[in-house]
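A.B. asks: Protein chains in written order, with the numbering used here: chain L, 678 to 1016; chain P, 678 to 1016.
Just so you know, these hints were derived from the structure itself, not from any lab. Please note that a few of the clues may not be correct.
All copies of an identical chain are treated as equivalent in the list; a pair is satisfied when it fits inside any one copy or across any two copies.
The calculated DSS-like cross-link candidates involving lysine-lysine, where the alpha carbons are at most 27 Å apart (straight line), are [as the list claims (entries may be wrong)]:
#1 814 x 866
#2 954 x 865
#3 954 x 938
Since we're looking at a predicted model, the values are computed, not measured.
Protein chains: 2
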Amino acid sequence: MNASDTRIAVDAMGGDRAPEEIVAGSLRAAEALHCRILLVGDSRRIGTLVARHPARGRIDVIDAGETVAMDEAPAAALRRGTATSMGKTIELLRDQTADAAFSAGNSGALLALATIRLRTVAGIARPAIATVWPARKGPLLLLDAGANVDCRPEWIAQFAIMGTAYAQGVLAIARPKVGLLSIGEEEKKGNALTEAAFALLSRAPIRFVGNVEGRDLLLGDVDVVVCDGFVGNVALKVAEGAAEYLFSSMRALAMASLRGKLGAAILRPMMGALRAKMDYREYGGAPLLGVRGVCLIGHGRTDALAVENACRTAARAIGQDVVGAIGGMVAESVASPSL
Amino acid sequence: MNASDTRIAVDAMGGDRAPEEIVAGSLRAAEALHCRILLVGDSRRIGTLVARHPARGRIDVIDAGETVAMDEAPAAALRRGTATSMGKTIELLRDQTADAAFSAGNSGALLALATIRLRTVAGIARPAIATVWPARKGPLLLLDAGANVDCRPEWIAQFAIMGTAYAQGVLAIARPKVGLLSIGEEEKKGNALTEAAFALLSRAPIRFVGNVEGRDLLLGDVDVVVCDGFVGNVALKVAEGAAEYLFSSMRALAMASLRGKLGAAILRPMMGALRAKMDYREYGGAPLLGVRGVCLIGHGRTDALAVENACRTAARAIGQDVVGAIGGMVAESVASPSL
């Protein structure tokens, strides 16, 4: 697919800073990626924000009068169908008007809408949220980061296939090494779920390297780490909390003395580079893998830069046909006599 | 109990740096805390290390000819009984020759020995490993950090009681706030285990404040966080990895330029203070809560400072009768009609 034919549906009303930042990021993405953006939501407000922008010719505004609230129950969002901007955004992907969908709104509602309306790829039981970590060795993909809080072992094996396809297509890692998040490197170090998943992963058509530990998410040399969504979400928030804690502790220490202030002023540009690397906006959105379509979930705090980067990720996933690759790998694993 | 009557049994042969660092730390602890240390292991080697030290009068050397290997199966360590330095150390606590036990050796073996030989406090199903986190608000206790990889909800409620007693006695927090580690603050945000544990915690004789998230381990304002041992161990290792990643990334960035080197040189003393705060040696050992006796597990890398701090922690737990307090609180919770 030619980049200029790529169409990304963006929920203009989702996230704490919608619609202003969402629209601004969409305009930047349309300009930078030469793609079309379908902005879904309050067409009058969106129209005002788009007007007179040089990239407005690449924008289609799709009206949806309602918005899914951040604390709304997923079932309620489902019932409202395409009346909401989020429901309509998913529908555009479902009916192939768009090639990808992005929303920074209520992530539980988005997960439910995408799972029910798009359905999963044949052979995939549950979609998973994948997040990219800025590991020492380069980008590392962790999944599931929160979609499935109680997993079956075979779902974990499916996550490994999904993660492998995504790492190949979007992160450009030829033969991704896959690790199982556990509490020791030996096969038997883990809980009932990881022990069962270990056996399945050993026979899956992926490059499984065994158990990895929490420290390997930033320091290890694997490319994809799989775990259940409860553990993955805790790990993600511990890491975010640790980064915030260390940066704020350093700032407080530095600001407490003249000497500290001087050192901090000298180091500021370098610290800025490190903070940027740890910034959620770097990758813009977390792909929801396993559904039939490229679908990305944004952080509630999503701003224009995050939207632009999410669209960049979406365009790459479309161009590399990650969804098709997941389907192909699942079919291969089902056909494999060892499974 | 008078400090000078306190007797701490220390496995002199456990850990990567045994026996030299273990003996050195024990001597420092005996001197600083005015307590007796029972050093268990190769009596000839220990004797040489203790000789002529001013604190040698506070040291008893207990011979044990064998050592539990770091990769030895717990069942094998159990079978060797008191022939090993670790087995003998636990035995000294069991027969009340010592008031506390510490080992930096094979932690799986220590867990098995302590559980089987000391047994659990009446009403406690499983012991848990507790770790102290240097949170922004002050020390925070996380348990279980790895003793129980597949937990029942009632064990989590028991961890909360054990953690409360320890936080009161050793961390001197009058009414510790207890949080349940989950993936959202609302009661229903979690997995099957946390939902069931939430209900039990709400009725337990503790100050339960609800669910907390991964970021709260360093940034929140709770005092005790409970979770199953798999999740707790992952969280601990993610945080350790994140700290190591950030410190090493900063060092690399700073060392890449003259400007960076200058800034780093100016900030070095402050960074040192922060690193020290994050240092596992600060608390020396992780208490194994729920067994009949004060028992601490050391990090494999334990050095003299860590041993000294572990003995300090042990002395406080003995002085405050943390084991008795756990027993009292469990009895209260069993007597309570609401449970």
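A.B. asks: Pop the pair residue 814 and residue 866 into one bin, within, between, both or neither, using alpha-carbon distances up to 27 Å.
C.D. replies: within (25 Å within a copy, 33 Å between copies)
A.B. asks: Regarding residue 954 and residue 938, is the shortest C-alpha distance of 27 Å or less found within a copy, between copies, in both, or in neither?
C.D. replies: This pair counts as both: shortest intra-copy Cα distance 23 Å, inter-copy 21 Å.
A.B. asks: As a check of your reading, is residue 954 near residue 865 (CA-CA no more than 27 Å) within one copy, between copies, both or neither?
C.D. replies: neither (35 Å within a copy, 33 Å between copies)
Against the hints set out earlier in the document, a violation occurs for number 2 only.
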